[in-house]
Amino acid sequence: MDLAGTAQQFSGLESRLEEQDHRLDQFAQALQTLLTRTAPTQVEVSPPVNPLPSEPFSVSTSYPNLLPPVRYGGDPTACRGFLNQISIHFELTPWSYPTDRAKIAFVINHLTDKALSWANPLWDTDKPIVYNYRDFMSAFRRVFDPPGRKTNAAKSLLRLRQGARSLGEYALEFRSLASELNWNNEALIVVFSEGLNDELQDEIAARDLPGDLEDLITYLSFIDERLRHRRLTKERSKRPPVRQPPRFSVPLLPESHS
1 MDLAGTAQQF SGLESRLEEQ DHRLDQFAQA LQTLLTRTAP TQVEVSPPVN
51 PLPSEPFSVS TSYPNLLPPV RYGGDPTACR GFLNQISIHF ELTPWSYPTD
101 RAKIAFVINH LTDKALSWAN PLWDTDKPIV YNYRDFMSAF RRVFDPPGRK
151 TNAAKSLLRL RQGARSLGEY ALEFRSLASE LNWNNEALIV VFSEGLNDEL
201 QDEIAARDLP GDLEDLITYL SFIDERLRHR RLTKERSKRP PVRQPPRFSV
251 PLLPESHS
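Residue numbers in the sequence shown follow UniProt numbering, run continuously in steps of one, and reach 258 at the last position.
Hints were generated in silico from the structure; no laboratory data involved.
Take the hints with a grain of salt, since some may be wrong.
Stated by the list, open to error - When the alpha-carbon atoms are kept at most 30 Å apart in a straight line, the in silico DSSO-like pairs for lysine-lysine are as follows:
{"id": "1", "residue 1": "Lys-155", "residue 2": "Lys-114"}
{"id": "2", "residue 1": "Lys-114", "residue 2": "Lys-127"}
{"id": "3", "residue 1": "Lys-127", "residue 2": "Lys-155"}
{"id": "4", "residue 1": "Lys-103", "residue 2": "Lys-155"}
Model, not experiment: these values are computed from the prediction.
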């Protein structure tokens with residue numbers, strides 16, 4: 001075994017390894033320089049002046065088209081409509097009236113005439129009732145919405161007649177009165193049919209009519225419209241023709257030559 005030759009080979013190999021290490025060091029330095037030049041600049045961000053609160057907050061929904069209730073003067077027939085307007089207003093804007101007294105103040109602010117005369121002493125003397133919304137509204141109903149409303153509605157419904165009105169106008173008033181009562185469909189149909197005018201009753205005498213009140217109203221509306229159109233056409237045909245005034249032609253005079 002030639003030890004001298006082997007040592008010489010190892011010496012050459014060691015030299016090449018040192019040279020490779022030197023090149024690797026140079027490559028590493030060059031790479032570091034390149035990375036330093038192309039690294040993005042980091043901007044320090046300062047905290048906001050007014051940080052947002054960490055706790056959630058509620059947002060109130062607004063209703064720009066919400067109209068205030070119509071002022072109420074004490075008419076029993078308008079009481080329920082007024083109370084419904086008040087209820088809807090509180091339903092849509094609950095955040096505006098956090099206490100019972102605030103709600104009662106809003107109600108009194110929309111009263112006039114007899115109704116205001118009833119509520120004024122309660123508010124002026126600071127009665128306990130003006131601190132309890134439910135008690136206040138119960139007392140309000142006892143005064144202005146008496147229990148006889150249903151009886152009056154039944155009497156009015158039995159006396160209701162179509163007359164010269166259109167069926168739509170008659171049906172509108174009929175529905176309004178019937179909503180106060182708990183009558184079944186058959187009873188409402190009988191009363192509604194009795195209130196029709198003679199012309200419409202004669203027209204439907206031999207017809208099979210719908211068994212539902214709303215279907216009957218729709219069906220009769222078409223017939224009523226036809227009868228009205230037919231009547232209007234006859235009235236127009238009976239009118240005498242409009243005579244036009246006679247037209248006179250004025251002859252042209254010949255031009256004079258001077």
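Going down the list of hints, with the structure as the test:
1. Annotation: proposed proximity of Lys-155 to Lys-114 holds, straight-line Cα distance about 26 Å (limit 30 Å).
2. Of the pairs offered as hints, the one joining Lys-114 and Lys-127 holds, with about 19 Å between alpha carbons and a cut-off of 30 Å not exceeded.
3. For a cut-off of 30 Å, the pair hint linking Lys-127 to Lys-155 is broken: about 38 Å separates their Cα positions.
4. Between Lys-103 and Lys-155 the CA atoms are separated by roughly 35 Å; this puts the pair beyond 30 Å, and the hint is violated.
Comparing the model with each earlier hint shows violations of hints 3 and 4; every other hint is respected.
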